[in-house]
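Turn these sequences into a full structure, and let the hints steer you where they fit.
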Amino acid sequence: MFVALIASGTGIAPADPADDCTQNKDQNLRVQGCTAFLSASPAPAAGAQAAALLFRGEAYEVLGQYDAAIADTTASITAKATPLAYSVRAYAYQSKRKFDVAIADYDTALQLKPDYVEVYDYRGGCRLVAGDTAGAVKDYTLFIKAKPDEPSGYFSRARAEELLKKDDAAIADIDRFLSKAAKAQGAGLFLRALADEDKGLGAKAQADFAHAIERNSRYAMKRRWVEYLRSIQADHDYANWNDKPYDLFLRTAGFPDDEHAPAAAG
Amino acid sequence: MKIVRSCMYLIALLGMLAGFAGAQADTKQVDPHLAATLAKLNEACEKAKQTKAALAKAAQSTGMTSAQKAQATETLKGLDHVISSTTELLHDPAVTRGIGDPKEIAGRVYSAVQVSALVEREAQQQLGIAPASPTERLLEKNKSLMYRFSQAWDGSSYSGNDDHAPGGGNGTKFFRGSLSAMQESSVVYVSSSYQPSTPQSAEKIQNQDRGIGGGVMLEGSARGLGPLSSVKYDARYNALIMNDRLIYFITMPPWDAAALCAEIDDDPHELVGVSEGSRDKDTVYFGLHPQLYKNTGLAQDVMLTDAFLGGVNFGGSDFTAGYKFADGYEPKRPATFSEMIVRFAFGGFTFTAKDGELALSSLTLDVTMMPVDKKHAVNGSYLPDYAELRAGWAPPPEYVDNAQYIASHVEYFRSERIIARTVSDGALAALFRSYKESGVNLKALASHIANGT
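Chains A and B supply the protein sequences, listed in that same order.
Heads up: the first sequence at position 80 corresponds to 84 in our numbering, and the numbers run straight through without jumps.
Heads up: the second sequence at position 297 corresponds to 1129 in our numbering, and the numbers run straight through without jumps.
If you're looking for bench data, these hints aren't it; they were derived computationally from the structure.
Predicted model, so just to flag it, every value in this text is computed and none were measured.
C-beta: ideal position from N, C-alpha, C; glycine also.
Just to be clear, a hint being listed does not mean it is correct.
[To be verified] Here are the in silico distance ranges between beta carbons for each label pair:
| # | chain 1 | residue 1 | chain 2 | residue 2 | range |
| --- | --- | --- | --- | --- | --- |
| 1 | B | 1211 | A | 78 | 50 to 56 Å |
| 2 | A | 82 | B | 1040 | 54 to 60 Å |
| 3 | B | 1210 | A | 169 | 46 to 52 Å |
[Unchecked claim] Calculated Cβ distances over 10 Å to all of chain A for the following chain B residues:
| # | residue |
| --- | --- |
| 4 | 885 |
| 5 | 1020 |
| 6 | 1022 |
| 7 | 1040 |
| 8 | 1068 |
| 9 | 1121 |
| 10 | 1123 |
| 11 | 1270 |
[Said to hold, decoys possible] In silico BS3-like cross-links for lysine-lysine, where the CA-CA straight-line distance does not exceed 27 Å:
| # | chain 1 | residue 1 | chain 2 | residue 2 |
| --- | --- | --- | --- | --- |
| 12 | A | 248 | A | 170 |
| 13 | A | 29 | B | 1206 |
| 14 | B | 879 | B | 909 |
| 15 | A | 100 | B | 1156 |
| 16 | B | 1126 | B | 1206 |
| 17 | A | 248 | A | 100 |
| 18 | B | 1164 | A | 100 |
| 19 | B | 1156 | A | 248 |
| 20 | A | 169 | B | 1156 |
| 21 | B | 872 | B | 884 |
| 22 | A | 102 | B | 1156 |
| 23 | B | 1164 | A | 29 |
| 24 | B | 1064 | B | 1126 |
| 25 | A | 102 | B | 1164 |
| 26 | A | 187 | B | 1113 |
| 27 | A | 187 | A | 151 |
| 28 | B | 1113 | A | 208 |
| 29 | B | 889 | B | 973 |
Now the structure itself:
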């Protein structure tokens, strides 16, 4: 296996720690910038400190350093309790599989800002990963009601519906997603193919898989892996997995965006 | 109304398939494996009917003791099961309409053929018919092997005289890789290590692999075989017979085994390995003419193993989300990265014989990481970055921890089906290499395996 990841910290001298702290392209640079900003003398105002801690916590989260993310967001909340800080901390707890604490933080974020409707989507994701599939459907439905034109809600709810073996509902949601999503058609087609297969619609599934792979060839490998997970789940041969492996895939898998437009028909 | 189905349905089915292919040649081809295996299934079904009639007649005669009659009654149940399940399979819409992966369907059909061979053998034994091959002699002598074999093929419990009628075969897990039943009694010692790369070790790998792709490589000849005077293939049991006495049961479909045999025959370096690319076009299949085995289940096993172990090594979650790591380990990711590969080389396949059955007893796994150059080798794989290696390159410590974790937990990882399957694939590759060294005509052997002769 090959890995090619760009080295962080390009060596370009930061123009301003505050700029580095607030940018969102290079998370290592963001951590450096926020750290420099927080240790500046004289110390920044309390509100600015809370913001810098939140930004750094968010950067740690993206870097997968969840303990550091929790520490920074907790400090930020102590200085100034904001719904965003609760939401970021919730995701860090969720990543550490501390689902109850994460749900409590999402709940607090919603109490502080009831129109922060994205939290329904986040909390739905948390419930989905935690195994509360019906709860996830409820949250995604709330999100869809609040943002009916946002395609991601339909996609997420379809994942949950597939887990609940509600394949028709899942396909209907994916169709809605496909009619609204601009750049993740492959993801929708792949998910619909899985539902089609569950329904025994082999030919339709094959066509959707092929179209998904046409848009991003990474779906070819994903398909092989899904077949493997389905086979070990069907045979109850998954002692080394936390749950049924294919179900885990539906709960947690990432779906890459399109790389290519589909070839012209004919 | 009772619907009576017949094995002879196959003849009509094959006709339909051929007609379908003729009418829609651009969209659907009759899979040659499926057609050949269906013919064998029909043969097995008809033979089971004949044997059932003969055994039923013998069971009514005075020549059998009451214990023998009781045993015959159980075997008759098994034969009934074979007849009904094979007939059912011949009517399965997945088979008749070719829904899904043709090789997967062919695997199911082939598994049913294997199960019927086992039941058939049991009946023949009760009828006093002598074993016709070394494999049958081994199965007759070794009831526990018979049991394991039956378990592997159809998951049914079969000891020849218990209450559980054998012979299902439909939906067998065998070719989907549930090998635990076959491997139940075997303990495999694994020696593995993480080896830091040097310019010399990188050059050695580059010369052997014709570039470096990382990936999973299945290397080396079989150890512990002793001198080989002959190798035969027993199509009835998908087994290799060495020196007319040592039996090795192949745990992949014969068409994949034939492709592996052909690859090792073809390539002077005898390479078998795949490096998974995140995009299909970046995936590297090693070998002089990798198309010989590129489309096999074996290549897919190796590719998935690379994705899985590579994911562990690089701390990714695409293939490991939800996997329970031994000792509560969590693969680590460094904050900074470089362009590099990881290579997993399974080798050192050592076999021991027990009661005439050859089984894997030990293997090695070497984990290597190295930096790669911007230039690529002709086969599309990468080339080592020698300048970095000479400057003392070392992987990020997080990756070293992950690699060492893999190396020290191979036995745990081997309980993951895809890894077990890859080990099994590597064992067969090692046997073929040893045959080649002993002057066995691998081209002819591949042909025998492919054609079931």
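Status of the hints after comparison with the structure:
no.: 1; hint: 1211/B with 78/A: 50 to 56 Å; result: holds, 52 Å
no.: 2; hint: 82/A with 1040/B: 54 to 60 Å; result: holds, 59 Å
no.: 3; hint: 1210/B with 169/A: 46 to 52 Å; result: holds, 49 Å
no.: 4; hint: 885; result: holds, 36 Å
no.: 5; hint: 1020; result: holds, 17 Å
no.: 6; hint: 1022; result: holds, 16 Å
no.: 7; hint: 1040; result: holds, 18 Å
no.: 8; hint: 1068; result: holds, 26 Å
no.: 9; hint: 1121; result: holds, 22 Å
no.: 10; hint: 1123; result: holds, 17 Å
no.: 11; hint: 1270; result: holds, 34 Å
no.: 12; hint: 248/A with 170/A; result: holds, 18 Å
no.: 13; hint: 29/A with 1206/B; result: holds, 25 Å
no.: 14; hint: 879/B with 909/B; result: holds, 15 Å
no.: 15; hint: 100/A with 1156/B; result: holds, 14 Å
no.: 16; hint: 1126/B with 1206/B; result: holds, 26 Å
no.: 17; hint: 248/A with 100/A; result: holds, 19 Å
no.: 18; hint: 1164/B with 100/A; result: holds, 14 Å
no.: 19; hint: 1156/B with 248/A; result: holds, 12 Å
no.: 20; hint: 169/A with 1156/B; result: holds, 25 Å
no.: 21; hint: 872/B with 884/B; result: holds, 18 Å
no.: 22; hint: 102/A with 1156/B; result: holds, 16 Å
no.: 23; hint: 1164/B with 29/A; result: holds, 22 Å
no.: 24; hint: 1064/B with 1126/B; result: holds, 25 Å
no.: 25; hint: 102/A with 1164/B; result: holds, 19 Å
no.: 26; hint: 187/A with 1113/B; result: holds, 22 Å
no.: 27; hint: 187/A with 151/A; result: holds, 18 Å
no.: 28; hint: 1113/B with 208/A; result: holds, 25 Å
no.: 29; hint: 889/B with 973/B; result: holds, 26 Å
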